[in-house]
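**Q** One letter stands for each residue in the lines below.
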Amino acid sequence: MAPRCRCSSRPPTRRCFRKTPVSEAVALRAPAIRREPGKFWIVPPAALLALLFFYPLALIARQAFLDDSGVANAAEIIRVLHSRFFLNALINTVTISVSATAGCLIVGLVLALILAFVPFPGSGFIARLIDTFIALPTFLVTLAFTFLYGSAGMLNASLMETFSLPLPPVDFLYSTWGVVLAEVTVYTPFILRPLLAAFSLVDRGQIEAASVLGARPFRIVRQVILPAAIPALIAGGSLCLLLTVNEFGIVLFIGAKGVITLPLLIYGKAIQESAYQVACIIAVVNIALSLGLFGLYRFAAGRLGV
Amino acid sequence: MLVWSRPGRIALWVLFALIFGVLFLAPLAVILLSSLADQWNGVLPNGLTTEHYTDVVRGAAWNSVKSSLITGFLASALALVSGTWAALSLRLQGPALKRLLGLLFFIPSAVPSVSVGLGLLVAFSHPPLLLNGTIAIVMIAHFVLISAFTFGNVSAGLARQSPDFEQVASSLGARPTYRLWHVTLPLLAPYLVAAFGLSFALSMGELGATVMVYPPGWVTLPVSIFSLTDRGDIFAGAALTMMLVAATLVLLLGLERITKRATGA
Chain A
1 MAPRCRCSSR PPTRRCFRKT PVSEAVALRA PAIRREPGKF WIVPPAALLA
51 LLFFYPLALI ARQAFLDDSG VANAAEIIRV LHSRFFLNAL INTVTISVSA
101 TAGCLIVGLV LALILAFVPF PGSGFIARLI DTFIALPTFL VTLAFTFLYG
151 SAGMLNASLM ETFSLPLPPV DFLYSTWGVV LAEVTVYTPF ILRPLLAAFS
201 LVDRGQIEAA SVLGARPFRI VRQVILPAAI PALIAGGSLC LLLTVNEFGI
251 VLFIGAKGVI TLPLLIYGKA IQESAYQVAC IIAVVNIALS LGLFGLYRFA
301 AGRLGV
Chain B
1001 MLVWSRPGRI ALWVLFALIF GVLFLAPLAV ILLSSLADQW NGVLPNGLTT
1051 EHYTDVVRGA AWNSVKSSLI TGFLASALAL VSGTWAALSL RLQGPALKRL
1101 LGLLFFIPSA VPSVSVGLGL LVAFSHPPLL LNGTIAIVMI AHFVLISAFT
1151 FGNVSAGLAR QSPDFEQVAS SLGARPTYRL WHVTLPLLAP YLVAAFGLSF
1201 ALSMGELGAT VMVYPPGWVT LPVSIFSLTD RGDIFAGAAL TMMLVAATLV
1251 LLLGLERITK RATGA
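So the protein lines, in turn, are chains A and B.
Its first residue numbered 1, the first sequence is counted upward by one per residue in this note's numbering.
Its first residue numbered 1001, the second sequence is counted upward by one per residue in this note's numbering.
The set of hints was computed from the structure by calculation and includes no laboratory data.
Any given hint might turn out to be false.
To be verified - Partial chain B-side listing against chain A, Cβ under 10 Å, derived:
#, residue
1, F1016
2, F1020
3, I1031
4, L1092
5, Q1093
6, L1097
7, L1103
8, L1104
9, I1107
10, A1141
11, V1144
12, H1182
13, P1186
14, A1189
15, G1237
This structure is a prediction, so every number in the text was calculated from the model and none was measured.
Quick reminder that beta carbons are idealized off the backbone N, C-alpha and C, glycines included.
All chains, full assembly: derive it from the sequences and hints.
**A** Next up, the structure:
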C-alpha cells in the first residue's frame, strides 16, 4: 500500500494531515527569505544617490582644497576663511539660527501648552492648520512681512496715520531681526509637532492630582509637564538649528545688504561673481556645519526616542 | 485641563490668538489681500481687482506654473520609485550595512540646497555629462533634495508594518515579485501617497538649488516670484504666491482624501 504521508512508518493519524500553524511557518520560512539573492537590489538606488549627490559633493570638496593643477591651495583657503565677508556671514548665520531656534522653542512651547492643556473649540483644527505651514514655501512669510511691517506696510501706515508721524517708525524688517521673526514663523511647526506628540502621552491624572493638591499651573508646567517635553524640545530644537543654518529663501527675499548668511554668500559668489572656488570653500564650511547639526539631531532623536 | 479659572483660560486663549494671528494668520491673509489689491498706499488697499491674476495667467508666469508642476511631478515620481526601492532593498541587508546606508540616504536632507545646486554645477558642466543649462539638471536637483524625504516616509511606513502578512504570503508559496506587488506595496500604499504629496509640495516651494541651476526657459514658480518681487512687482508676486499656495493645498488635501479612502479611516 502506498504511503499516504511521509510519516507512514506509523499508522496514519490525524497528526499527519494537520496544517502548519502560522508561527511555525514563519519560523521555517525565515531563513529562506534571507537566502534570496536580494542583497544586490540596493545597488541601483545607491548608485543613483552616489552619482547625483555624493559625486558632486566630493567635487565641491576637491575644488575647495585643490587648484586647477591639482595642488593644495592652502593660501586661498586661509584668505577666504580670514576674509571679512566670510566671517560676517558666519556670524550672521550663527546669530540668526540660534536666535530663531530660541524663538521657535519659546513660541512652540507656549502654543503647544495651550493647545494640549487649555484646549478650546477648534484647537485640533488649528493645530493641523499650523502643520500645513511645513509644506508652504518659506519665502511666503517674508513676502507677507513686507506688506505688514515694511516701510510702506500696514503697521507703519497705521502708526503714521494715527500719530501723524513723518517717518515710518517700525524699521526692523530689513535687519537680522526681520529674518529671525520670519524664521520663527516658518520653523515653529517643527517644534510644535513633536511637543504635541509628547504632551499627548502625559498622564492627565497626574496634572489633576497636582492641581487638586493646590499646585499652581506654573508649577505643574515646571515639575510635571516640562520633564516630559525635554526630549521633544531637544530633538525639535536641533532640527530647527539645522534648518535655519541652511535657510536661503527668507534671507534672499529680505534682500538686505547687511544680512548675508553662508548659503546666500555661496549663491552670490557662484552665480553673481562666478568665483566657483571661493563658493566651494564656503560650501564646505556650510556643509560641515550642517552635517554636525544633523548628527546632533539624529543622536538626540535616536537617544530620546522622538 | 491645566487652568481651571475662566478668566485665566480666556487670557491664555487671547495670548494664543495673538501669537497665531500675528505669526500664521496675518501673513496668509495679507498675501491674499495684496494679490487682489489695486493700489496700496495707506493702511488698507485702495481698491480690489483681479487684474494681477489675469496678468499672471496671460504672461510668462503661466509658463512657470507649468514648469513647476512638471518638475514637481517628475522629480516626485522618480524620488518615489527610488526611495521605495531603497527602503525595500535595505531590509535585505545586514544590520551594519543597513545602518550606514540608511544614514547615507538621509544625508541629502541635511545639506543646504544651495550647496546641492553648486555641486551639480561643478559636476555636470563639462562632458561626458554636460547637463548645465538643461531642464534635466533642475529635475535632478529637485530629485536629490526630496529623495531623502520619500525614503524616510516609506521606511517609516515599512517599520510600522507587521512582517506577518509577507511571511504568510511567502509560506503559502508566493514568489518574491508576486509578494511585492500583491502584498507589500498595497500595504504601503498610504505611505507612498503621503510621501508623494510631501515631495510634490517640497518641490513646488524649492528655491535654493533651483536658483543655482535653472536654464532660461525653465523658470519655476519660486524663482519667478523672486524675480517679480525683486523688480518691485510685489502684487504680481503675491498673486503668483497665492497660486503656489492654492496648488500645494489642493494637492495635499486631495492626497489626504485618497489616503483616507485607502486606509478606510
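**Q** If you check each hint against the structure, which ones fail?
**A** Going through the list in order, the structure violates hints 12, 13, 14 and respects the others.
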